[in-house]
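Protein chains in written order, with this note's numbering: chain A, 2 to 361; chain B, 54 to 367.
A few of these clues could be false.
[What the hints assert, rightly or not] Once the Cα atoms are required to be at most 20 angstroms apart in a straight line, the calculated EDC-like pairs of lysine to aspartate or glutamate come out as:
#  : chain 1 : residue 1 : chain 2 : residue 2
1  : B       : K152      : A       : D356
2  : B       : K261      : B       : E286
3  : B       : K364      : A       : D164
4  : B       : K359      : A       : D356
5  : B       : K56       : B       : D74
6  : A       : K38       : B       : E342
7  : A       : K337      : B       : E361
8  : B       : K330      : B       : E342
9  : B       : K323      : B       : D349
10 : A       : K320      : B       : E239
[As the list claims (entries may be wrong)] For each label pair, taking beta carbons as the anchor points, the in silico distance ranges come out as:
#  : chain 1 : residue 1 : chain 2 : residue 2 : range
11 : A       : N360      : B       : E315      : 22 to 28 angstroms
12 : A       : S306      : B       : W86       : 37 to 43 angstroms
13 : A       : H196      : B       : G77       : 36 to 42 angstroms
14 : A       : D356      : B       : N129      : 26 to 32 angstroms
By construction, these hints were calculated from the structure, which means they are not laboratory data.
Computed from a predicted model, the values in this text were never measured in an experiment.
The beta carbon of each residue, even a glycine, is placed where N, CA and C say it ideally should be.
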Amino acid sequence: MKNKISFPNFGNYHYPIQVFLKKIFKTDIIVPKKTTKNTLEIGAKNSPDFVCLPFKYNLGNFIESLKSGANILIQAGGGCRYGYYGEVQEAILKDLGYNFTFINLMENGSFSIHKFYKEAKKYNKKLNIFTYYYHVLVTLYNIYNMDLIDRFVRRNVKYELSDGILLNIKKSHYKRILDKYGFINSLKNYYTTKHMMKCNILKDESQDSNLKICLLGELYSLIEEEASYNIESYLLKNHIEVRRYTDLTYLLITKRFNEKKLKRKAKDYVKYNLGADGLDNVAHALEVIDEGFDGIIHMKPFSCSPEISAVPILQKISKDKNIPILFLTFDSQYAKGAIETRIEAFIDMLNMRKDRDKNE
Amino acid sequence: MNKYYMGIDIGSISTKGVIIDCDGNIIAKDYLWTEGNPINAVKKLVQSLYSSVGNINVVSVGTTGSARYLIGKILNASVIKNEITAHAIGTMSRVKDVKTIIEIGGQDSKIILIDNGVVVDYAMNTICAAGTGAFLSSQAKRLGVNIEEFGSIAKKSTNSPKLSARCSVFAESDLVHKLQMGYKKEDVIKGLCDSVVLNYLNNVGKGKKIKAPIVFQGGVSKNIGVKESFEKELNSEVIVLEDSHLMGALGIALIAKMSKIEKKFDFNIKDFNFITKGHECSKCANNCEVVQIFKDRELIDTYGNKCERGKIVS
């Protein structure tokens, strides 16, 4: 039987990841279906009720992929409950009667890129360590460029010439990731996209006073738009400048060298690491307040413990620094209207505050 | 000819409507149950407003509440806005120096903090409906009393038991337990009012500085028992306005007035037949729920689609 590999959805990162897996395994890749409410329904049905939301989405992705013929599944992990996703999901799927091999990238409680090499070697005998790390680096570079583009869009969306043009250009960037591979191509792709974007924006002062909002919170809610009711796109469509620190570049690279700096920044509020991105969010909240942002939206899935520890600290910051923070908790509920009401009211409120400050 | 403005607030449980004149005075108002059918409720509401003021020159309509899009499209509204902004504007027009608005409605509860006439912070319940009107009314049914009498019964209580304030399901089992222990009905009802207040303060009001003057509104504000529990817990006077349940409608009418967008409103709307049709678009994996609204078999609007593919044009 031919090997078919699949992995859970994670925002738009499935583009570089599918290219990477193809190069490593030299076999078919089943790209997970776009995450929809259907995914969540299947996932929630087969998950423990009180597990965090990303688990349910991931499991839904796996089941959808298994149904379309995948027989090797890959799961990563992180510093919170995410670290146990692999084992539990493997057990649940085996109980459901699916036949597959599970590659869990967690080793001794931490995420290991080298373990993946050993696993991949079992399927692709010709793979050697140099080509493996070459592909890892190219993929990281691809991801890095994607994130740079994303950050550019968030910063400049208020200047775009026609509505939604930057988001469309971003989509064409992803298509080119699939077509061309390698350091040079990745760099070329980045400059092509950036050039197209620069042609479609016009920096003029009338837009400078648009709202600036920072998105903080748990990584899956932030990166997988479907899990957070497309809040980021909603803000971008309304030409609001968005800052979001959490992306794969941050999680895989920057975060490793950042802890001291973050602790120094947040020293009045936190003295030790809160686990996962708790400390990062507190420090980043303080950073954007210093930069004069208008508001912060903090989102987390129901029962996410690192973020629950961060919430009271953020509430205190909100009181001390007089900045509004909107706290959102997501669960497997489909009332999109309820979320929209809150976001809309939040934007109204920020605009009212801004007008008042201008008049004073 | 004088200009008038209409504001309609369609909530999960009740539908509220007001007509105001240029100075913001309410000249007609009504309050009725939505009964799960917002279109019918609004038709009845328009009928009732019509019968109290006649055919006057309503130049602009605003809608708010959870069914605001649907009703806004049907009434051809000039503004469709969320209820938080509407409540703030409505209350500020009555109590100029209000600092805190406590709002408890049928399915949601919110707190709005105001500083010098500007909303500076708000919070709304997210995934828990404990301590809202729907919970109180289901408990009233269990106890066999009318929800309208709830407050006056609670007032009689002298010794209220503590009920769990964490979760509506636990509060309910606590309540049954207290009844079986032999507590009087009025005491348990008072305990329930206390638990709603505690739940509100622990959930929605968590970490917010509640400063006087405090205005309490929404359907539950009509319940004197909850009002007194709030006063006891916050150690401060809590204002309940006469029209406290209509503040959302008043606010959206004022917003419609401020918007300066004028679209003549026709009271005939009550005679038309509106049909909505919902279906899941199957053109991609998003499976959006697309809703079509027909006015006498003529398609007037569709909404709910995320992309162009789901768009239906007449």
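Hint check:
At most 20 angstroms may separate the alpha-carbon atoms for a hinted pair to count; B:K152 and A:D356 meet this at roughly 19 angstroms. For the given pair, B:K261 sits about 15 angstroms from B:E286 by alpha-carbon distance, which is consistent with the 20 angstroms threshold. Only pairs whose Cα atoms come within 20 angstroms are accepted, and B:K364 paired with A:D164 is accepted, the gap being roughly 18 angstroms. Between the alpha carbons of B:K359 and A:D356 the distance comes to roughly 32 angstroms, so the proposed pair goes past 20 angstroms and is violated.
Between B:K56 and B:D74, the direct Cα distance comes to roughly 7 angstroms. Compliance with the 20 angstroms bound is thereby established for this hinted pair. With a CA separation close to 11 angstroms, the supplied pair A:K38 and B:E342 stays within the 20 angstroms bound. A threshold of 20 angstroms between alpha carbons decides the hint, and for A:K337 with B:E361 the separation of about 19 angstroms falls inside it, so the pair holds. The hinted pair formed by B:K330 and B:E342 meets the criterion: a straight-line CA distance of about 10 angstroms does not exceed 20 angstroms.
Pair hint B:K323 plus B:D349 holds up; C-alpha atoms about 12 angstroms apart against a cutoff of 20 angstroms. Straight-line distance between C-alpha atoms of A:K320 and B:E239 comes to about 39 angstroms, which puts the hinted pair past the 20 angstroms bound. Taken as a hint, the range 22 to 28 angstroms holds for the pair A:N360 and B:E315, whose Cβ atoms sit roughly 27 angstroms apart. Under the hint 37 to 43 angstroms, the C-beta atoms of A:S306 and B:W86, about 41 angstroms apart, fit the expected range.
Between A:H196 and B:G77 the CB atoms are about 54 angstroms apart, so this pair departs from the stated range of 36 to 42 angstroms. For A:D356 paired with B:N129, a C-beta distance near 29 angstroms keeps the hint of 26 to 32 angstroms intact.
Checked against the numbered hints listed earlier, the structure breaks hints 4, 10, 13; every other hint is satisfied.
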